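Asks: Read in the working numbering, the sequence shown has 966 at position 126, and its numbers run on one by one without any break.
Simulated from the structure, these hints should not be mistaken for laboratory data. Keep in mind that the hints are not guaranteed to be accurate.
[To be verified] Subject to a maximum C-alpha distance of 25 Å in a straight line, what follows is the list of computed SDA-like cross-link-like pairs (lysine to any residue): (1) Lys993 / Lys1058; (2) Lys1072 / Leu1138; (3) Lys1052 / Lys1108; (4) Lys993 / Trp1048; (5) Lys874 / Pro906; (6) Lys850 / Pro1030; (7) Lys874 / Leu1138; (8) Lys1126 / Asp863; (9) Lys1121 / Gln856; (10) Lys885 / Tyr908; (11) Lys885 / Arg920; (12) Lys1046 / Ser985; (13) Lys1058 / Glu951; (14) Lys1124 / Lys874; (15) Lys993 / Trp907; (16) Lys929 / Asp863; (17) Lys1126 / Trp1048; (18) Lys1108 / Ala886; (19) Lys1125 / Val1106; (20) Lys874 / Ser860; (21) Lys850 / Lys1016; (22) Lys993 / Pro848; (23) Lys1016 / Lys1108; (24) Lys1126 / Pro1112; (25) Lys850 / Arg869; (26) Lys866 / Pro848; (27) Lys1072 / Asn1133; (28) Lys1124 / Glu951; (29) Lys1016 / Tyr1062; (30) Lys929 / Lys1016; (31) Lys1099 / Leu1138; (32) Lys885 / Phe900; (33) Lys1058 / Thr1105; (34) Lys1052 / Gln856; (35) Lys850 / Lys874; (36) Lys1051 / Ser1013; (37) Lys1058 / Asp1040; (38) Lys1052 / Trp1123.
Keep in mind that this is a model prediction, so the values were computed, not measured.
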Amino acid sequence: MNTQQTLPEKLMERLQELYSEKDLHKVLRAFANKPLPSFRVNTLKAQASDIEISLRTQGFAIEKVPWYPDAFILQNNSIRELTETEEHKNGLIYIQNLSSMLPVLILDPQENDYILDIAAAPGSKTTHIAALMHNTGDIVANDISPKRLYKLKDNLAKTGVTNTRVIGLRGESFWKRYPELFDKTLVDVPCSMEGRIRTDYPRTYKDWSTKKIKLLSKLQKYILRSAISATKVGGTIVYSSCTLSPEENEEVIQWAVSKTPDAVTVEKIALPNIQLQSGLKSWKKKLFTHTENTIRVLPSESMEGFFMAKLHKIASTLPEMKK
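Take the sequences, apply the hints, and build the full model.
Replies: Structural data, given as structure tokens:
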């Protein structure tokens, strides 16, 4: 199958603008191949060393992830086989792409933090946050979709999370109910999911369009700005998406920081032993002056395409929001 002939022509044109020839080849190769499954150990219920021994005994070939001791890559079995293990059925492991684990590691939850996950369902990152907090402190997990909230609650129960309250508010107006309350906020936004495209699975790109990107970008901007105003002065906001689109990534950060330039700074992200790219400084005649410290993950055999930014709130934003 020729990847370039399979994907929408406009998407291919954008990818060619976005990446060098060398990186574009890597991206298209990742799109054409099924990614290696990965999972993290739910440390609320188990230890990584015990899970490693148990799964190897059952015949699973698993590889440790060098930058995160609680994560593993599955080498020889299918996700279906992994879901049939007692470890998965009892919530001792959580199947999750490695890129999806990064935003929570950047957020760096600590015991007794008060944390908001503003677009939380189905709970991959919420359960990760709770595990790193050892079920202490408080998490507010928010999502607008009733169907997704059901899945979120199910995952919280299965993984033994007890420090999380689930609510269903519109992310863009969330700050009105909870102004400047949270120590840290995760903003893992709904997006066009370009980083998860599989050319053998047309469902991953059949609804793609530049119109959809434009609509999502507008929503993402308002959700991020709401999240900033729901976070305490001195707090941390991590923005992430699993798409490659600059309109949903760098442009969102540029817009949000520009609205309150004296209240928010974009912090440098330190993730050792991971190959990352810096965020874009321009796209289609738009210059980005606040994206130098943002990062991108190139799609690969084990990692989905991702974008992340870490914001530090240094002054109140509430008066600006009320204008």
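Asks: For each hint, tell me whether it holds in the structure or not.
Replies: For each hint, the structure was consulted:
no.	hint	in the structure
1	Lys993 / Lys1058	violated (28 Å)
2	Lys1072 / Leu1138	violated (32 Å)
3	Lys1052 / Lys1108	violated (30 Å)
4	Lys993 / Trp1048	violated (29 Å)
5	Lys874 / Pro906	holds (22 Å)
6	Lys850 / Pro1030	holds (21 Å)
7	Lys874 / Leu1138	holds (15 Å)
8	Lys1126 / Asp863	holds (22 Å)
9	Lys1121 / Gln856	holds (17 Å)
10	Lys885 / Tyr908	holds (18 Å)
11	Lys885 / Arg920	holds (22 Å)
12	Lys1046 / Ser985	holds (22 Å)
13	Lys1058 / Glu951	violated (34 Å)
14	Lys1124 / Lys874	violated (31 Å)
15	Lys993 / Trp907	violated (29 Å)
16	Lys929 / Asp863	violated (38 Å)
17	Lys1126 / Trp1048	holds (22 Å)
18	Lys1108 / Ala886	violated (32 Å)
19	Lys1125 / Val1106	holds (22 Å)
20	Lys874 / Ser860	holds (23 Å)
21	Lys850 / Lys1016	violated (39 Å)
22	Lys993 / Pro848	violated (36 Å)
23	Lys1016 / Lys1108	violated (29 Å)
24	Lys1126 / Pro1112	violated (31 Å)
25	Lys850 / Arg869	holds (18 Å)
26	Lys866 / Pro848	holds (18 Å)
27	Lys1072 / Asn1133	holds (22 Å)
28	Lys1124 / Glu951	violated (43 Å)
29	Lys1016 / Tyr1062	holds (13 Å)
30	Lys929 / Lys1016	violated (39 Å)
31	Lys1099 / Leu1138	violated (29 Å)
32	Lys885 / Phe900	holds (20 Å)
33	Lys1058 / Thr1105	holds (21 Å)
34	Lys1052 / Gln856	holds (20 Å)
35	Lys850 / Lys874	holds (23 Å)
36	Lys1051 / Ser1013	holds (23 Å)
37	Lys1058 / Asp1040	violated (30 Å)
38	Lys1052 / Trp1123	holds (18 Å)
Checked against the numbered hints given earlier, the structure breaks hints 1, 2, 3, 4, 13, 14, 15, 16, 18, 21, 22, 23, 24, 28, 30, 31, 37 and satisfies all the rest.
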